[in-house]
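Whenever a hint applies, use it, and build me the whole structure from the sequences.
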Amino acid sequence: MQIKKGADLIMICRQKNLPLHQVMLEYESAKSGKTQGEIKELMRINLQVMKDSVYQGLDQEQDMKGKIIGGQAGKLYRRCQNSQPVCGYTMARAVSFALSVTEVNASMGRIVAAPTAGSCGVLPGVLFSLAESHHVSEEKLVEGLLTSGAVGLVIAKNASLSGAEGGCQAEIGSASAMGAAAVVEIMGGTPEQALHGGAIALKNLLGLVCDPIAGLVEAPCSKRNAIGTANALVSAEMALAGIESVIPFDEVVEAMHQVGRMMPCTLRETAEGGLAATPTGRRLKEEVFSHHTKK
Amino acid sequence: MKEYGVFDIIGPVMIGPSSSHTAGAARLGQMAGKIAGGEIINVVFYLHGSFAKTYAGHGTDKALLAGVLGLMPDDARIKDAFKLAEEKGVRYRFEERDLGEVHPNTVKIVLETKSGETVEVTGSSIGAGKVKIIRINDFEVEFEGEYTTLITYHQDCPGVVAGISAVLAKYDVNIAFMRLFRENRASTAVLIAETDEDIPSKAIREIKENPHITRVKVLEPIKI
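Chains as they are written, first to last, in my numbering: chain W, 16 to 310; chain D, 325 to 548.
Hints in this document: simulated from the structure, not taken from any laboratory. Possibly wrong hints are sitting among the right ones.
Under the rule of at most 27 Å between Cα atoms (straight-line distance), these lysine-lysine pairs were calculated in the BS3-like manner [what the hints assert, rightly or not]:
{"hint": "1", "chain 1": "W", "residue 1": "K172", "chain 2": "D", "residue 2": "K532"}
{"hint": "2", "chain 1": "D", "residue 1": "K532", "chain 2": "D", "residue 2": "K456"}
{"hint": "3", "chain 1": "D", "residue 1": "K377", "chain 2": "W", "residue 2": "K238"}
{"hint": "4", "chain 1": "W", "residue 1": "K49", "chain 2": "D", "residue 2": "K454"}
{"hint": "5", "chain 1": "D", "residue 1": "K377", "chain 2": "W", "residue 2": "K80"}
{"hint": "6", "chain 1": "D", "residue 1": "K456", "chain 2": "W", "residue 2": "K90"}
{"hint": "7", "chain 1": "D", "residue 1": "K403", "chain 2": "W", "residue 2": "K80"}
Quick caveat, the model's predicted, so the values are computed rather than measured.
Printed below as a string of structure tokens:
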């Protein structure tokens, strides 16, 4: 089975009358020699790590402080519980979950790189909020991870998933596209709709630069995970309504690739441009590292 | 083009915050510890480039030390590495040092074992948790630890390599990659063979029987 482009995925789905996650499962089984059951079991382990990281960072008792961020997830989660969130429960909770996972990551906790450590909050945020509000089973969530894996695979092969190569659009943009496709399939959308959801999500974050303050995976990374999560849900909602991406998925991925190539080095994870180069960004950098030398 | 699998995209499970500066660092530490072998009592880390500039922010120091102590890149105890080292009586130190024309994420690890041996291992974290060992003691080497890796130190003379590959063949171990490194002709040489299968302990014993071979080490692949 050859999968290079999104169009390949759609063609196989149509020929075999299968959803994306099942095509991904067959592809992985052929590639690794593992049975479909073994692959699902391994994916279930990753799902469990994601789940732990979602709830770990919401707990007030835990020290989830990185060098710059910490405590934001709990704040938003408590607001969801105590008042009616302006963007609705599913989205507000998803965002609090995504923040939580990024705080766990920043404080040297255990996470799943999905696709990267910098973008580790998006998929857990999307999936576990949907699981609560729409009563999605664990089996369906595992399938969702496989769907998102298929989308990530195509992006990895045709563009990049690394902030150092393609900016934040390659990390959060890709994670968001992966999340959108997963939500579409979990909610009963077709493979075509899933890729439209992915395309819309990636388009919305096209051009996003990678400018981490002090070079740390904290700010603006954490809140960009939040927006990647919200964007995944919004894009999936549109795709499920039958709204299509004007530009097809594969062309969006190629556009992202080209935009990444045009992006200057200062905006690709070097912490030399963008927010990292602002007066406050520079001050925070000095504070973080002078604190260390004093120790 | 690399053939990606689904777990390259959804994974690995790791301790944050950075795949190169934390997960990769833990892996480098673990490989260095295994290369040294035995009980380690003292370790010094010389951090180069981006490792030197940002190690505290990314927990690179804790991850390296945790790796030397044998912890996996997804072990939640990585953040307590300093305490663990003290409990185990392992002394450690971090220094910033320019290691020359190497990858920005490079560290030289000098390990002292209880038997009084000192081993120097230099390696780079090359992204996405992947690593490369580039130097062991005086030998410039190159391997990534993705496969079971056999390392032998031997006298540079005819027949040694043939003997090693014959033993591996006898135990149905296929060599995926093999390279030889030496300083001068007839001096000590290092062989690094990466194999598709695990190397059984009986095979290792047979390799050790060759009088020209002074030392044999096997590194299991570190899965992350």
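Hint check:
With a C-alpha separation of about 44 Å, the suggested pair K172(W) and K532(D) falls outside the 27 Å cut-off, and the hint is violated. Taken as a hint, the K532(D) and K456(D) pair is honoured in the structure, with Cα atoms around 26 Å apart against an allowance of 27 Å. The suggested pairing of K377(D) with K238(W) holds, with an alpha-carbon distance near 25 Å, which does not exceed 27 Å. Our distance criterion of 27 Å between C-alpha atoms is met by K49(W) and K454(D), whose separation comes to about 23 Å.
This hinted pair checks out: K377(D) and K80(W) have alpha carbons roughly 21 Å apart, not beyond 27 Å. Simply put, K456(D) and K90(W) have alpha-carbon atoms about 42 Å apart, too far for the 27 Å limit, and the pair is violated. About 13 Å separates the Cα atoms of K403(D) and K80(W), which keeps this hinted pair within 27 Å; it holds.
Violated hints, listed in ascending order, are 1, 6; each of the other numbered hints is respected by the structure.
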